[in-house]
Structure formats: C-alpha cells, structure tokens
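*Asks:* Sequence:
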Amino acid sequence: MEFSIDIPSKEFKKHIEIEDNDRIIFSGRFGIGKTHFLDRFFDVNSDNYEAIHIYPVNYSVASNEDIFELIKYDIFYELINKENLDFKKIDTSKVFTLMGYSAKNSHKFLAPFLTLLPVLGKSLLNIYDRLEILLQDFNEIHDHSQIDELNDIKSFFDKFNLDQGSLYENDFYTELINELVLRLKENDSKSLAKDENYKKKEVVLIIDDLDRIDPEHIFRILNVISAHNDQYKEPKFNFDKIIVVCDIENIQKIYHHRYGLDVDFFGYIDKFYADDVFRFENSDGISEQIVAFIRDEIKFENIENNFDFTTLNPNINARMDALNLAYILTAMVKVNVITIRILKRIGKDIEVPNRRLNLKINKNLSSHEFIGIIIIDFFKKMLGGYEPLIEAIKLCSDFKTNFFLPEYRREYIDFLLPILDYEKHQFRQTSEKFTYQSKESKQKIEYNVRYSERRFNCDISDIKRLDNSNDIIQDHEVNYFGVLLETIEKCFKENI
3 MEFSIDIPSK
13 EFKKHIEIED
23 NDRIIFSGRF
33 GIGKTHFLDR
43 FFDVNSDNYE
53 AIHIYPVNYS
63 VASNEDIFEL
73 IKYDIFYELI
83 NKENLDFKKI
93 DTSKVFTLMG
103 YSAKNSHKFL
113 APFLTLLPVL
123 GKSLLNIYDR
133 LEILLQDFNE
143 IHDHSQIDEL
153 NDIKSFFDKF
163 NLDQGSLYEN
173 DFYTELINEL
183 VLRLKENDSK
193 SLAKDENYKK
203 KEVVLIIDDL
213 DRIDPEHIFR
223 ILNVISAHND
233 QYKEPKFNFD
243 KIIVVCDIEN
253 IQKIYHHRYG
263 LDVDFFGYID
273 KFYADDVFRF
283 ENSDGISEQI
293 VAFIRDEIKF
303 ENIENNFDFT
313 TLNPNINARM
323 DALNLAYILT
333 AMVKVNVITI
343 RILKRIGKDI
353 EVPNRRLNLK
363 INKNLSSHEF
373 IGIIIIDFFK
383 KMLGGYEPLI
393 EAIKLCSDFK
403 TNFFLPEYRR
413 EYIDFLLPIL
423 DYEKHQFRQT
433 SEKFTYQSKE
443 SKQKIEYNVR
453 YSERRFNCDI
463 SDIKRLDNSN
473 DIIQDHEVNY
483 FGVLLETIEK
493 CFKENI
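Residues in the sequence shown are numbered from 3 upward in steps of one, following this note's numbering.
Hints listed in this document are in silico derivations from the structure and should not be mistaken for laboratory results. Do not take every clue at face value.
The calculated label-pair distances, taken between Cβ atoms and stated as ranges, are [to be verified]:
1) Glu-496 - Asp-473: 29 to 35 Å
2) Ser-454 - Leu-263: 57 to 63 Å
3) Asn-225 - Asn-470: 37 to 43 Å
4) Asp-266 - Lys-16: 26 to 32 Å
5) Lys-12 - Leu-184: 30 to 36 Å
6) Asp-473 - Lys-15: 43 to 49 Å
7) Asn-23 - Leu-468: 45 to 51 Å
8) Ile-474 - Ser-399: 20 to 26 Å
9) Gln-431 - Ser-399: 30 to 36 Å
Distance condition first, Cα-Cα at most 30 Å in a straight line; then the derived BS3-like pairs of lysine-lysine [what the hints assert, rightly or not]:
10) Lys-273 - Lys-243
11) Lys-435 - Lys-383
12) Lys-362 - Lys-273
13) Lys-365 - Lys-446
14) Lys-255 - Lys-84
15) Lys-426 - Lys-396
16) Lys-202 - Lys-12
17) Lys-16 - Lys-243
18) Lys-466 - Lys-446
19) Lys-495 - Lys-441
20) Lys-365 - Lys-435
21) Lys-396 - Lys-466
22) Lys-396 - Lys-255
23) Lys-492 - Lys-365
24) Lys-444 - Lys-495
25) Lys-383 - Lys-466
26) Lys-396 - Lys-15
C-beta atoms are modelled at their ideal positions from N, C-alpha and C, and glycine is treated no differently.
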C-alpha cells in the first residue's frame, strides 16, 4: 500500500530549501510513515540530493558503549556502497597524513569496522568488492610515502585514539568520512562543469528513529553534532545537511525524565536545528490510500447479498460502507491507535462471519443485516475485542479531517441507529419519526427506519443539540464517534 506524499513533499521541500537550514529535526509520531516518506522524497529528488540514511535503532549496542563510533562505521559502510564514488580519485594519502600513520597499516584501521559489521546489522558480502579497491588504493600510497619520524607519528596517532569518545572526536574514520563526502561533492562539481544544466547536489545525512534508542545514546549523538557545529559553524563530516528523525514529544519526555521537569527542554533542543522543527503530517494522503486499500485489497469472506467493499467508487456518494470503515481507520492512525505498519500488515482476506444477533426483543436477525455491526465486528477482530476497541474510539472523539465530506458523518450514523435504538423502533419500517438522545455526543437525532437490499438503515431528518437551545447541528459539527462509542458499548454490554 503506497501513501500519497504530495502535500508533505511540498511542505518539506520548502523547509529543506530554506537558506542555511543545515540541521533539521524531522518530527512525527511513531508509525506515521516518516522513514517511508524520506526514502521516497530523496528518491524523487535524487537529482538534488545524495542521501546517506542510517538507523542506529538496529545496532546491537550496550548503554555504556559509544554509539557515535558505530554511527561512523555505518556512514562509512553506506559511503562505500555509493556507485558514483571513485576510490581511485580519493586523496587517501591526505587521510593518512592527517592521521599521521603509514598506509601500510590500513588493515589495522579497518579492523574495527569489519569486526563491528554484525553489530550494525550489516553484511560484508554487500561491500567486499568496493572495500577491496579501497584497501588496494591505501596500500599503493605507501610506495610513494616518505615517513622518517615514525615514533613521533605513532605518538600523534595515539593522541587521536585517546580523543575517542570526546565531543570533539576526530579519529581515522572521521577523517576518512570527511574525505569520502568531500569526494562525492567534487565528483558532483565535475558533472556540473561538464553540463551547464546540471544542478549541484547536496549530500545529506539522515539519522533515523533517534527516540527509539537508549537515552544515553540520544544525547551523545545530539551533543557531538552540536559541539561540531559550535566549533566549525557547519555540519559534521562535511555533510551539507544533517536530518535527525524522531518524535520530538518523545525526546522531550525522555529529556525531562532524565534531567527533571524544571529543566528547560526547548533551550536545550533549539541548538540542534537551524530553522524550526519540521512536523510531519500526512492525514489526507493516508485517508486517500486507506480508501483505495479497502476498495482494492480487502475482501470480506462470507458477506451475503452483494455487501462488497471492493465495488465502491470513493468518488461516488452511492455506497458509504467502505468510506465509513476508512474514516474510522484514518482516525485511528491519526490518534496513534494503530500505525501505518499495522495497517499494511492487515491481510487481504478478512473474515467477518455472519452470526445471529442476541436481541432483547423477539426478532430473528443476523449481523450481516447491519452495516454498523459488520464494521464493529471488523474492528473487534483487528484490535482484539470490545475493550481495546472502546478505548480506541474514545481517543478518536475529536478527530477532524478535510478528506471526508462533512455530510458523511451524518450518513455514517445512519448505519448505527438501527441497532443502537432498536428497543424503541423495533425495526418498524414506517414513516414514523423516532428520536434518539445521545448523552455521549450531546445530540438529539430524529430519524425513521428503512429496510433495503436486505439491510436495515435509517434516514435522519435532523440532528439537534441536546440542550435547551434545540439548535440544529450543522454537518461539520456532527459528533459521529460519540454515537459510535454508544453503539459499541451497547453491543458489549448486551452481548449483541
């Protein structure tokens, strides 16, 4: 299932192109699709950006280990995989001069990287050929090197080893990454010189899922990035931009838990972004694709008499059943009851079996005669029962979106009243008007019952405020989730 990213792409493109916006915090709730969005954004904009995307949450690292060392190895790994990086043109002698050590010892420098590949969750097989070229280039330099003061050079190298773990660390891998990133930029500049229409790329580092790692590691990463910027006034490792991906609300909670509620979080965090926190939101894109997902992929087994979600055209206001389901799913994603990851795992074949209803009146009716019951049974199956479903709907009570037309909410309630108020109307199909008073949603609903295509439905004439004013409630103010909650609680309480 692919979600449209048109709207957030325009917003993020505008944000990333702000002048001097070289440090970005990209914030959004867990499971909302941040990684998916960034992958697609930088793929679509590959003519403008060269992205290095790393995931520290995948590292097998203890809380007392220095995660930044692993980040460097991970960046190095990703750079090696860049096909447009010509190792033969890299000034590796400069790297070793900066480190003050002979190229003959390149295998010693690379040993920690190779040893820690499993910790990073990476495979040597994917980069073996590229790494071999780099090692050969390192060793060739030795034939042209004239190093006499070996003891002094070793002392110089030892000093750098001692600096490992400091805020201003600058070891072999730091210098090597600096050189590789610089080479990416220089290769890009040569392309620019050959083609006047060629647009120079920016090299971007993306550190994903920051709020899902150990707090000690979170602040280590942030502090190293910030210390480098304070000292050199530019992003670390020669990157043009560094993007940190997280839920800023989670980072704030972790910060206060660690340092206390009285410590100013925003005074701390504002040095980690250059302009402002970018808050990722894609409700409309999610809504659009949820509708398409239900229409095209979910097949309900054993649904009788043409109740088929797959026949819905979401642009035609003729069938509201699938849009109703999509509306609830969108709300649940919005309030983080379910995530896009969970949504994608929903199987293509979901069985909603027909069953006899347990009613207080003498009526022999089945669940498939009520669209509202089918939808409730679907969410019960998805969430694991009535209790989690009730809690989920409570969280959705204030959900608003521009994707679904306001009048849909009124029509969704049509599906609920046949079961919610059945003791009063007793399924009588007449022109008689009935009134349901919803305490949860503070609404008074006037309706009559009808039966068509072997399903019960209602026609609502008016929805009014449940107060002395008796004012008519406009479509955009209709409280659908309040009525849905009462329906679910009634089914649960009466074991309908």
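*Asks:* Of the hints given before, which are not true for this structure?
*Replies:* 3, 11, 12, 14, 25, 26
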